[in-house]
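Engineer: Protein chains in written order, with the numbering used here: chain Y, 1 to 260; chain V, 261 to 1263; chain S, 1264 to 1606; chain X, 1607 to 1756.
Be aware that a few hints might be false.
To be verified - Straight line, CA to CA, 27 Å or less: simulated BS3-like cross-link-like pairs of lysine-lysine: (1) K219/Y to K501/V; (2) K561/V to K1121/V; (3) K1517/S to K1751/X; (4) K817/V to K1738/X; (5) K1570/S to K1751/X; (6) K1118/V to K878/V; (7) K1755/X to K1477/S; (8) K1487/S to K1750/X; (9) K1275/S to K1316/S; (10) K1750/X to K1495/S; (11) K213/Y to K1741/X; (12) K1585/S to K1121/V; (13) K1373/S to K1121/V; (14) K427/V to K759/V; (15) K817/V to K1750/X; (16) K941/V to K878/V; (17) K1517/S to K1750/X; (18) K501/V to K249/Y; (19) K249/Y to K1744/X; (20) K466/V to K199/Y.
What the hints assert, rightly or not - Chain X is faced by these chain S residues, among others (derived, beta-carbon under 8 Å): (21) K1482; (22) I1486; (23) W1520; (24) V1532; (25) M1539; (26) A1542; (27) P1589; (28) F1593; (29) E1599; (30) E1605.
Hints are computed from structural coordinates only; laboratory data are not their basis.
Fair warning: this is a prediction, and the values are worked out from it, not measured in the lab.
Using N, Cα and C, we set each Cβ at its ideal position, and we do this for glycine too.
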Amino acid sequence: MRMEENRVSFEPKLLGFLCNWCSYAGADLAGVSRIQYPPNMRVIRVMCSGRVDPEFVIQALELGIDGVYVMGCHIGDCHYLDGNYEAIRKFDMTKKFLSFVGLDNRIRLDWVSASEGVRFGEVVSKFVEDIKALGPSPLSGDTPDQELLEKVKAIREAVSSNRMRALVGRQRKITEEENVYGEKVPEEEFDVLMDQAIKEEYDRHRILLALEKDSKSVKDLGIELNLDPSIVLEHTLTLKSRSQVDFQKIIGNTPIFMRI
Amino acid sequence: MEKVGAVMVIGAGIGGSQASLDLADSGYKVYLIESSTSIGGVMAQLDKTFPTNDCAMCIVSPKLVETGRHQNIDLSINCKILDVSGEAGNFNIKVLKKTLYINPEKCTGCGVCGQECPVEAIDIFNEGLAKYAATSVKYPQAVPLVYAINKDYCIGCGICQGVCKAKAVEYDREDEEVDINVGAIILAPGFDEYIPPEANLYGYGKYKNVVTSIEFERILSASGPYAGRVLRPSDGDIPEKLAFLQCIGSRDYTGNGQPYCSSVCCMYTAKEAVIAHEHMHQIKPTIFSMDVRAYGKDFDKYIIRAQEEYGVQYIRSRISSIKEVPETKDLRIKYETEDGKVMEEDFNMVVLAVGLNPPNDNVFLAEKFGIELNEFGFAKTDKFNPVQTSRSGIYACGAFSSPKDIPDTVTQASAAAGCVNQLLYEKRGTLITEKTLPPEIYVNGQPPRIGVFICHCGINIGGYVDVPDVTKYATTLPNVVMADRNLYTCSADTQTIIKDKVKEFHLNRVIVASCTPRTHEPLFQETIREAGLNRYLFQMANIRDQCSWVHMNEPEKATEKAKDLVRMAVNKAREIEPIERIKLPVTPKALVVGGGISGMVAALNFASQEFETFLVEKQEELGGFARHIYHTLEGGDVQEFLTDLIKKVQSNKFIHAYTDAEIENIDGYIGNFKSSVIHGKKKERTEFEHGVVIVATGAKEYHPKEYLYGNNGNVILQSEFEEMLNNDKATNKKSVVMIQCVGSRNDEHPYCSKMCCAEAIKNALLAKEKNPDLEITVLFRDIRTYGFKEKYYREAREKGVIFLQYDEDNPPEVIPEDSRLRIEVSTPRKEKIYINSDLLVLSAGIYANREENEDLAKMLKVPLNDDNFFLEAHVKLRPVDFATEGVFVAGLAHCPKTIEDSIAQANAAVSRACTILSKDEIEAEGKTAMVIPERCTGCGMCVENCAYSAIELIDDRRFGRVAQINQALCKGCGACSGNCRCAAIDVLGFSGEQIFAMITGRC
Amino acid sequence: MVMIMGIEAENKEIENSMRETARKLLKEKEVDVIIGYTKGTVPLSSAPIMITKEEDVDKLIWNNLCYVNLAKYLVPKIPQLIDPEKGDLKVGIVSKGCVGRALIHLSVEKQIDLENIKMIGIPCNGIINRKRIEKEIGEKEILEFFTSENDIIVKGKGFEQKFSYDEYINELCKVCKVKAPPTLAELAETCVGECKEISSVDDDFEDLIEFESKSSEEKWEYIKDSLETCTKCYACREACPMCYCNLCFVDQNKPIWFGKTTDLSDIIVFHLVRSMHLAGRCVACGACSSVCPVGIDLNLITRKLEKIVKERFNFTSGIDPKKTPPMMDFRMDDAEEFMLEED
Amino acid sequence: MTLQTKQEEKINEEWEPKIIAFLCNWCSYAGADLAGVSRIQYPPTIRVVRVPCSGRVNPYFIIKSLMDGWDGVVVSGCHPGDCHYLTGNLVARRRFAILKELLEFFGIEPGRVNFMWASAAEGERFATLIKKATKIVKNLGPNKKFEKKW
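Please model the complete structure; the sequences and the hints are all you need to start from.
Structural biologist: As structure tokens, this is what we get:
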């Protein structure tokens, strides 16, 4: 019941990352034009939508923001030529990560040009509306969902890992232009690789976080993280080879792993 | 066509490496071609080896390093054969060297590229149990230590090029085609293991906790994905109940696997079981097997130890299928016990002992090289010479010709090299190059002028150790006249810098502080030698592998440690002095003791290379053990072969054969032996000099005391039965019983005589052929028809030969009844069976000639094993060598074996001997022990402690009885020096003074 | 018939039969020279003597002060024992158990050839712990010493003191199991006089239990206290039949492994390394302690050495010439419980 | 707990022993290299002296190290049976057994000198045992028994 009430009176807190040259100007134009839209979104100006590190987006959610809006110039209009292309790749990756925890619908990427003051008002209103319909983020308020928070933390660490940065950073070059061999890797092929890496790094960082609290066996990790123990074992060993976890002791027939 | 003094070896596993080293050491140019990106093959994947439980990596890696940097070996990795033409003596081979995308000259093997690569791929070396980057090296100790990009996985992101400080990543490197001209080819491509197909009965691939034996090998390995902890893949628990199923894909007539026996699985399974228990004591292994085929030297003892000491349980039952218990992921196995009960038992993990298949590209190789394959897809070889393929000038060794273990592979590799020697001996030394070096600068007595070069190794050292600070510190140390730092000290341009600095600063000692001397010392030694300094005026401080890499989180302390290590190296460098490697002349003649098949083959091989050979046989006739064998199981005519061999030996002008002869004395050492022989009816005495000795003294057949042998005319030996059959004297018999393992595998002779199973089956088949109605019953403990011999075992069963297992503890009883015999057998199921028979044939074991061997062993200072067979230097990797250099073993003197194996070993011994005889002089190891005679009291402790018989007590004119080191034999281990109370022995290169200097002066 | 002979009578009998044997050896030219004990120049001592003539035989004595291990005079070889023409002289040597052991072990270490040696075996009845008696007498000068029945009597100006023989013999002699030279069949030729055929020695080393149960610190304190007075005179080394190195490790330079000072660290290290060198070789004769001018008792270390090799390698030095000493040998399955292992 | 003992404890906690490690060239030195290649971290307490074989390690080296103020000594060789020189480690093992017992008998803390086996494939074991040896020596505190008085 309380939930219901909440939703009605709920005023979401939103964060917008706006590119300096188009979207921010678009927002200004909305102002100059006195276009009215809900006051829920706080804006951070960035030079380009490509600057929006997935880590920013995840961190915002982690801190209890109900929705994150990334806005840039329309495709082809980027002040830096292709910054917004980069933004797409990063955003896609972020969204994929967030789909594991059901928060993917709380972020949005859109293009708003400097002349689209009206449209700016429209899309922001729509976003506020949509987020309102979703209700408050489980991570907001005084008692955020701890389990979910853990998962989002894992995502934040995963998106900022070297591996994810390398993949997302080179994605366009490899799939759209040519790689170091002068070949083009088909999008589908790359997507398979990317999806696999996303899943792996997400699981691995969850394992790391779980082990940070206390040492555990593979089986316990499997139960805690709802993962097949054989996959947990595989990840744990990879993390061991990265010197991030190590064997601690053996209890009965079960080895216990610890975080280094 | 003119012969060419070069050889190509295909496959750089342990076999290929051994053949290459043998040939390169005998004066041939060797092109070693490997299809993967590093050498070592399957052996590098193994954790331990049977029957000694040696660490595989420990024993194989020195050999690989040697192969990798041998001056006469041209090693090419990642290669493919395109075309072969020509004939024996002169082949042309077109080889495709596939690009690694990394410049091997520049790659330092630091591994940063692999760490940063965002792509994860399946790690083939770890059998898919771990993940690996697209930029990788097969294993950390790989030779050559060069990373390679796996183009199949690489997405071409370019990250690795960005992080490589050595600028070794070159994406535009292209494949290269080369033409190579050689005189002979050795094929050593190894094998591929049997992988159970999809939807197999054992649930492999479906059930997580069912793994193959080679996967399990990686699980066991301390450097494997589980760091040596035995865990099961489903949940990382330790599998307390561990089951091994034997004969997976072997001895299989269903069409899924192969009909032959894979020869090695029984032993490696026992080893894996033992090691698993050793790693984790809670593990209780159970092995399900048909026969336990522990036929090799000391194998049976190993099986007994596995059961008694390690609690490995053997169940004689072939498992047909496995079911997973879904809740626990345990595996349910249904089996029949020996007494006929059907049991169902759950195991935590199951290891499938998969068989050895021919290499996957066998047909390709056969076509390219124009050789024939046998019915099983392995290289077809000569009936008597197991390394000779169907095409002259092309030899095969190792598992390519039949499944075999490491020592047999190494033996065959040397044997193949031995055959190449016969073909190409005239061209020895024609294609190898010798570097011209400047004369050595005389530095004795001069004050040390030390130059220190400190390596950043990209960021590998520089990222954690404050290299400028260490460099500054080095300059403050006494006698250091210059210290410099380099991005990569091992790069080609730094070598030039080092040489320049030596000249500029008149350096007489050089120190490099970088990675490990195990891989890089030879490179820097070569550099300073080129600059005119003696090789030994060099020291290394290991500040990467043993400092920066292991203290990444404590940069300050790592820097402190690096300083200490540099200072210790400087302290030692101050004390080092040039070492002269002494050279010894070689008498290019050979002594072969024993005139059986092994001895004669060896002698003929030597003679065909124009080495004068002395062949000494104690009997009046040549021929040895084989004189009583008519055929081999495979149908080879032994008598014909033997007669031919004897004729050739007797007519060869390079062979002096002494029969009815006895060795009176052997004196001397490698290259320089002097012996005397008493021979002939008149007991003449002949003395001669020679450079090597081959021991081929053979063995004898056991004369049983059991089963009424000698008391009842109807009880005969297998050899007597063979004679009867070949002279058609057994036609009147209706029923024959054979008893196996007579005098073998018992308490006094706890080994398998290896040949008896084959002999029994051979005779049974022949008897059946002569008289199909003859009833033949073979009473056995295990039928050990390993390898392709399995075929004949099956044939015998098909022809109606009855095989009946008897219980070891209840041997059959023989009761004479009139002119016949009544034989009582208790089977393992405790049933009693009675057989009436005309003839009882005993498969008697093979025994060593104890006294004879002891005498010879004493003369040659070589050891015997517990069963009085000669004990080789190393069971795995030096199967024909003795620890005493210049002495080799072949044939039955080593352990029971077949004729083919004896011939291979004889040729192998010759090949090993040729590494000595082919040279005018041999260079002894420089870092040897050295006696200070005025201190020595001649107590003889060092003599006892020396594993190489390199020390003897002599009567010195001045000092009385003192120890003397034979530098030709000394390996420089220092066991003598470590025990000497008087400090009368020191070790060059690791002298007391040098180590003293490292210990003292800490601050 | 006296049922129990006093120590005095025992000595006399030993002495007589020893002289008899010696005389016979010289007479029949079985040996060229006999090494034995004679009266010392000061009380509470004895001296070695070499005799070559029959008439000198009566100079040989046996009492409980014959603490020197005569085997010492064979290594390194001294000129008196070499004839420039004949080479090695045939030597008869008065052998209590530990001298016999020393000879056998020296032959294993190829220092002497037993073919040239006749052991004149005597059933040793124990050596007096003269250092202990001296300590108890204190500053007073001892002028006379003799045994009577089972007592040791020490006389001086204005005093006479009695010591119980059983109590005041060397600790090593109290636990000695090889009173007479050990002779296995192959040594029958070598041994004349009283010898004992044994092939192995059983010992429970109960005398070490107390010390071994001490803590590391207690042991250190004890060792420190007992060695502190060492002046590094090397008398122990000079008396030891097994210390026959041409150049002892403490005297070596290049490098100078261990200091020559009397700083405690140098003292401890000298004794530590020397014991290391004696492992499996020490024959427990106690000569080192008997000759120490400052009265350091090294017997505990001697016993420990015997214990180590007995327990680890089932070896007792100088018993069986065919058995390889532990440091010259090794086995795959030697105990290695002391190795560092993973938890 | 008095202030002083607390302080002492703190010093002890921060104090890092210096340990000299004699590693045989073929197994243990290679194992130590492998630990490096695998980036297995262990305390920076050891200084390595490479020797051809554990059989080369004369007791002098060990005793001299203790005299010279090293807080601990580690000697590591190939496992029995793995020796590159066939039996050097077996010869060494007897020697070390005796030395270890004698040190103990002389009242020198047994943990000062540690013998171990580590193969070329056992990088992890090498690191683990070095960690263990460091802990043992650290607990013993600085090596003072051999300090020169003058």
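Engineer: Look at each hint and say if it fits the structure.
Structural biologist: Evaluation of the provided hints:
| no. | hint | in the structure |
| --- | --- | --- |
| 1 | K219/Y to K501/V | holds (18 Å) |
| 2 | K561/V to K1121/V | holds (26 Å) |
| 3 | K1517/S to K1751/X | holds (25 Å) |
| 4 | K817/V to K1738/X | holds (19 Å) |
| 5 | K1570/S to K1751/X | holds (25 Å) |
| 6 | K1118/V to K878/V | holds (18 Å) |
| 7 | K1755/X to K1477/S | holds (26 Å) |
| 8 | K1487/S to K1750/X | holds (13 Å) |
| 9 | K1275/S to K1316/S | holds (22 Å) |
| 10 | K1750/X to K1495/S | holds (22 Å) |
| 11 | K213/Y to K1741/X | holds (25 Å) |
| 12 | K1585/S to K1121/V | holds (19 Å) |
| 13 | K1373/S to K1121/V | holds (19 Å) |
| 14 | K427/V to K759/V | holds (23 Å) |
| 15 | K817/V to K1750/X | holds (23 Å) |
| 16 | K941/V to K878/V | holds (12 Å) |
| 17 | K1517/S to K1750/X | holds (26 Å) |
| 18 | K501/V to K249/Y | holds (20 Å) |
| 19 | K249/Y to K1744/X | holds (22 Å) |
| 20 | K466/V to K199/Y | holds (22 Å) |
| 21 | K1482 | holds (3 Å) |
| 22 | I1486 | holds (5 Å) |
| 23 | W1520 | holds (5 Å) |
| 24 | V1532 | holds (6 Å) |
| 25 | M1539 | holds (5 Å) |
| 26 | A1542 | holds (5 Å) |
| 27 | P1589 | holds (6 Å) |
| 28 | F1593 | holds (4 Å) |
| 29 | E1599 | holds (6 Å) |
| 30 | E1605 | holds (5 Å) |
Checked against the numbered hints given earlier, this structure breaks none of them.
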